[in-house]
Amino acid sequence: MEFMDSSNTIIQASVATGDLQELAANIITKALKAGATDAEVVVREGDEFSTTVRLGEVETLKESGSRGIGLRVFVGQRVASTSSSDFTTEGIDHLISGALALARVTSEDPFAGLADVSEFGKLDDDLNLYHEDVYSLPTAARIDFARRCEAAAMSADTRIQNSDGGSFDAATGRKVLANSRGFVGEYQVSYCSVSTSPIAMGTNGEMQRDYWYSAARTLSKLDTPESVGTEAARRTLRRLDARRVPTQRVPIVFAPEIARSLIGAIFDAANGDSIYRGASFFTGKLGEQVAAESINVIDDGTIAGGFGSSPFDGEGLPTRRKIIVENGILKTYLLNTYTARKLKMRSTGNAVRGLAGNPGIGSSNLYLEPGKLSPEEILREIKSGFYVTELLGQGVNMVTGDYSRGASGIWIENGELTYPVQEVTVAGNLKEMFRNITAIGNDLVFRNSVASPTLRIDGMTIAGK
Amino acid sequence: MTTSAGHKRYFFEKFGLSERLLERCLGEALSAGGDYADLYFESVSATSIGVDESLVKSASQGVSAGCGVRVVAGERTGYAYTDNLSAERLLHAARTAALIASGPAKQPVAGFTETHSPNLYPIPAAELDSDLSTKLDLVMRADRAARAYDARIKQVRASYSDELKRILIAASDGTFASDTQPLARLNVFVLANDGKQTTRGTAGGGGRVEISYFLTEKTPEHFANEAGRTAILQLGAVAAPAGEMEVVLGPGWPGVLLHEAVGHGLEADFNRKKTSAFAGLIGRQVASSKVTVVDNGTMPSRRGSLNVDDEGSPTQETVLIENGILKGYLSDKLSARLMNMPHTGNGRRESYQQIPMPRMTNTYMLSGDDAPEDILRSVKRGLYAVNFGGGSVDITSGKFVFSASEAYLIEDGKITAPVRDATLIGNGPEALKYVSMVGNDLQLDEGVGTCGKDGQSVPVGVGMPTVKLDRMTVGGTGN
Numbered sequence: 000m001e002f003m004d005s006s007n008t009i010i011q012a013s014v015a016t017g018d019l020q021e022l023a024a025n026i027i028t029k030a031l032k033a034g035a036t037d038a039e040v041v042v043r044e045g046d047e048f049s050t051t052v053r054l055g056e057v058e059t060l061k062e063s064g065s066r067g068i069g070l071r072v073f074v075g076q077r078v079a080s081t082s083s084s085d086f087t088t089e090g091i092d093h094l095i096s097g098a099l100a101l102a103r104v105t106s107e108d109p110f111a112g113l114a115d116v117s118e119f120g121k122l123d124d125d126l127n128l129y130h131e132d133v134y135s136l137p138t139a140a141r142i143d144f145a146r147r148c149e150a151a152a153m154s155a156d157t158r159i160q161n162s163d164g165g166s167f168d169a170a171t172g173r174k175v176l177a178n179s180r181g182f183v184g185e186y187q188v189s190y191c192s193v194s195t196s197p198i199a200m201g202t203n204g205e206m207q208r209d210y211w212y213s214a215a216r217t218l219s220k221l222d223t224p225e226s227v228g229t230e231a232a233r234r235t236l237r238r239l240d241a242r243r244v245p246t247q248r249v250p251i252v253f254a255p256e257i258a259r260s261l262i263g264a265i266f267d268a269a270n271g272d273s274i275y276r277g278a279s280f281f282t283g284k285l286g287e288q289v290a291a292e293s294i295n296v297i298d299d300g301t302i303a304g305g306f307g308s309s310p311f312d313g314e315g316l317p318t319r320r321k322i323i324v325e326n327g328i329l330k331t332y333l334l335n336t337y338t339a340r341k342l343k344m345r346s347t348g349n350a351v352r353g354l355a356g357n358p359g360i361g362s363s364n365l366y367l368e369p370g371k372l373s374p375e376e377i378l379r380e381i382k383s384g385f386y387v388t389e390l391l392g393q394g395v396n397m398v399t400g401d402y403s404r405g406a407s408g409i410w411i412e413n414g415e416l417t418y419p420v421q422e423v424t425v426a427g428n429l430k431e432m433f434r435n436i437t438a439i440g441n442d443l444v445f446r447n448s449v450a451s452p453t454l455r456i457d458g459m460t461i462a463g464k
Numbered sequence: 000m001t002t003s004a005g006h007k008r009y010f011f012e013k014f015g016l017s018e019r020l021l022e023r024c025l026g027e028a029l030s031a032g033g034d035y036a037d038l039y040f041e042s043v044s045a046t047s048i049g050v051d052e053s054l055v056k057s058a059s060q061g062v063s064a065g066c067g068v069r070v071v072a073g074e075r076t077g078y079a080y081t082d083n084l085s086a087e088r089l090l091h092a093a094r095t096a097a098l099i100a101s102g103p104a105k106q107p108v109a110g111f112t113e114t115h116s117p118n119l120y121p122i123p124a125a126e127l128d129s130d131l132s133t134k135l136d137l138v139m140r141a142d143r144a145a146r147a148y149d150a151r152i153k154q155v156r157a158s159y160s161d162e163l164k165r166i167l168i169a170a171s172d173g174t175f176a177s178d179t180q181p182l183a184r185l186n187v188f189v190l191a192n193d194g195k196q197t198t199r200g201t202a203g204g205g206g207r208v209e210i211s212y213f214l215t216e217k218t219p220e221h222f223a224n225e226a227g228r229t230a231i232l233q234l235g236a237v238a239a240p241a242g243e244m245e246v247v248l249g250p251g252w253p254g255v256l257l258h259e260a261v262g263h264g265l266e267a268d269f270n271r272k273k274t275s276a277f278a279g280l281i282g283r284q285v286a287s288s289k290v291t292v293v294d295n296g297t298m299p300s301r302r303g304s305l306n307v308d309d310e311g312s313p314t315q316e317t318v319l320i321e322n323g324i325l326k327g328y329l330s331d332k333l334s335a336r337l338m339n340m341p342h343t344g345n346g347r348r349e350s351y352q353q354i355p356m357p358r359m360t361n362t363y364m365l366s367g368d369d370a371p372e373d374i375l376r377s378v379k380r381g382l383y384a385v386n387f388g389g390g391s392v393d394i395t396s397g398k399f400v401f402s403a404s405e406a407y408l409i410e411d412g413k414i415t416a417p418v419r420d421a422t423l424i425g426n427g428p429e430a431l432k433y434v435s436m437v438g439n440d441l442q443l444d445e446g447v448g449t450c451g452k453d454g455q456s457v458p459v460g461v462g463m464p465t466v467k468l469d470r471m472t473v474g475g476t477g478n
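For the record, the sequence lines run as chains Y and Z. Residue 294 in numbering that gives the first Met the number 0 sits at position 295 of the first sequence; the count goes up by one each step and never skips. Residue 206 in numbering that gives the first Met the number 0 sits at position 207 of the second sequence; the count goes up by one each step and never skips.
Calculated directly from the structure, the hints in this document are not laboratory data. A quick note: this is a predicted structure, and the numbers were derived from the prediction, not measured. For glycine and all other residues, C-beta sits at the position ideal for the given N, C-alpha and C. There's no promise every hint is true.
Said to hold, decoys possible - Chain Z side only, calculated, beta carbon under 8 Å to chain Y, not exhaustive:
(1) GLY65
(2) GLY77
(3) ALA92
(4) LYS153
(5) GLY242
(6) GLN352
(7) ILE354
(8) GLY389
(9) ASP393
(10) THR449
Kindly generate the complete structure, drawing on both the sequences and the hints.
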């Protein structure tokens, strides 16, 4: 089947960089004229392409672009925001008048306001976040990536006869941030990924599925579709003929792609927004031992090419590298301007900003520093335990630290991985769990903006039969 | 009250559309062949106000509009969208979507037939802006009531958000539909602290209602008291038990059990592809004979209801499981056609930027004969769970979870201590076979459900009477 390339026919709807910055500046000027004492504008523009192939045939083909503007205005200590996809003069006037009308009903908040002029800035170096090669393949070749990925998974084993498909995605985006205190910044990002989700059938007719993917900012760093497919097949097959286990307490080892969520929980616990409210179990714990001594957690927005990198944060402060936990001691909360003022500290450059709403706090490149042990060495120490490869559901209470999630994985017996396990839960409390990380693997790999090596945690409860 | 002519007028006037242009776009979409094409126009306006530390810290409003063009050829779907509704960009999107097909052009059906709309929800008379002071008052009342509930309530966050979504759908099979969909929600979140520990409580609700709903039906005080009650309750909570035991679920939001255990697994796309654990089980026993589960998009004013689905088809009440027997799946146009099965009007999408697929609306179990008190009395040792956070499911293996946020131990038929949060896990095609008692007290949830599938979120409703499951695994840490 022949696929025509739409890339030849795309009408250049995207406005050039200078124009978006000019648009932002104009909106700020108009907002100030209309009565705002300060204003901040975000303009976003992006393109996306995605295709899914199933059982060798194209299933979906999607390609488009969109853009949006967000405006935050201050009238003294009152703040309000509006967003719109309407770039016409009328749309922008509405954006501004709407924001000012809303600012009349919000309260005077002594902690509200843009950052001080001295705080704004952006990283000088090119962070290598944008590569135009993500769109360089013709459509037929992109479809072929997805097809090859699925085919590799399905040909790996006769027990794999079905599939949820193979996918290829590519996206580019541009973000402009400007404010009335002189900050103007802009950067572009690109992203591509290939993935597949095979389905295997066990001896009793029971089905299992898993997936694997590769993602990168440039096509040249993507793993081959065949290697992704082969790995997806391996992960799916190891779930077959899974059983439940009795309720018990044993050491639990978390695979890297699962352990990530625990490192995410450390970030969430140190999120300034929760800290100043007393809504996190890390409140008041700065300088204290909150995790095992071997734990060092870093958040770094300056890593070249990183999935979580950016030259400036959602408020226009330069991103930076910070140590959140060092030798198990909580060294810093994660803050934006508002929460920094609340806690009488400095922003850590972790502000995140949607189109509308007040800035929140988000991680950049967040990771746990690797240890010395290989995953096999970690397993070898365990007589009886559970190797978790999948977690189901949210089940995490960041106020109390209570943790209870569905799980699948593989039983560890005498230091070796044995039979697959499913339909059980793993539970504990994060306060203890962080302290009971008793082994850290040497297998840290950045496949995402949050990364972790293999982890062993003791003292948790498995609930099953 | 706006009529369908009013909906049409909105898009035609505001965006300069015309029937002629819609026909041209559909023609362009089928210019390379294909079985079906549709245009989905959407215009959304949303407002939100939040109070925190007794200050109105946030107020925001957003508008967005766009059109998604879909072309279907056999099992293949081509899709493109644009936020610029000029004729030029619409035609370009149609040409992009048309790249999925390659063959001689097809012609759309001549003329449109409008889908009848049952008017399940009121169209707000006023534009969103003018209700601002009323919305402000709602969140301030919620704040005051929550703080006054108990001296141990230390932090309160209340928010009100609403949106008005207008849609217009025109398809090559002659479908023409439009709708104006309000959606509103009030939420209260509190922290309680007794000097030894901090706990949380949350309550919220709403639906496709006008703002008067929160003045007369479910007031800010109602939600504030509920959030306060659950936070204070948690101060005395003990460790949840771990292992398999009898579980009694309270009415209403615990219906999340159905949404996860069977709802997703019965979406037609998964069954067409045979990736669902329920594939091929129509006519078979998948639940106890006391269980009847339906999906109903036609309930007035419910969060999960729709006058028409996002493909312009009428919504309906679909019996999924009847007396324990699997009767049918939830379908959209593509599934119904490819599977040669009844079309249930469950095609939904998060926005004009997304391809529609089968989704739930309001999913609930019908009332049975048992008295709730008898159900509790029948349990020697188990868990009584009345509220949950959310849930999740792997539709291929069938394993599902849902996380209890308010639950109690049952000892010798009596409710004793409240327990800390715990996740329950089960296997979809098996779990409902253990339903041994079904209460006579069906309730729908208060209007808080959001369902995620394949990266797309849509508002949904769930419901259930009090139900006893002879066994389910409870993920606590205690004995």
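So, going through the hints one by one against the coordinates:
The interface hint given for GLY65/Z is met, as the beta carbon of that residue sits about 7 Å from the closest beta carbon of chain Y, less than 8 Å. A least Cβ separation of about 5 Å between GLY77/Z and chain Y falls short of the 8 Å threshold, and the interface hint therefore holds. Checking ALA92/Z against chain Y: minimum C-beta separation of about 7 Å stays under 8 Å; hint holds. Taken as an interface hint, LYS153/Z checks out: its beta carbon lies about 7 Å from the nearest beta carbon of chain Y, inside 8 Å.
Checking GLY242/Z against chain Y: minimum C-beta separation of about 4 Å stays under 8 Å; hint holds. Because the smallest distance between the Cβ of GLN352/Z and any Cβ of chain Y comes to about 7 Å, under 8 Å, the interface hint for this residue holds. Checking ILE354/Z against chain Y: minimum C-beta separation of about 6 Å stays under 8 Å; hint holds. The beta carbon of GLY389/Z comes within 6 Å of a beta carbon in chain Y, closer than 8 Å, and the hint placing it at the interface holds.
Satisfaction of the interface hint for ASP393/Z is found here, the shortest Cβ-Cβ separation to chain Y being roughly 7 Å, below the 8 Å cut-off. The closest approach between the C-beta of THR449/Z and any C-beta of chain Y is roughly 13 Å, which is over the 8 Å cut-off, so the hint fails.
Hint violations for this structure: number 10 only, all remaining hints satisfied.
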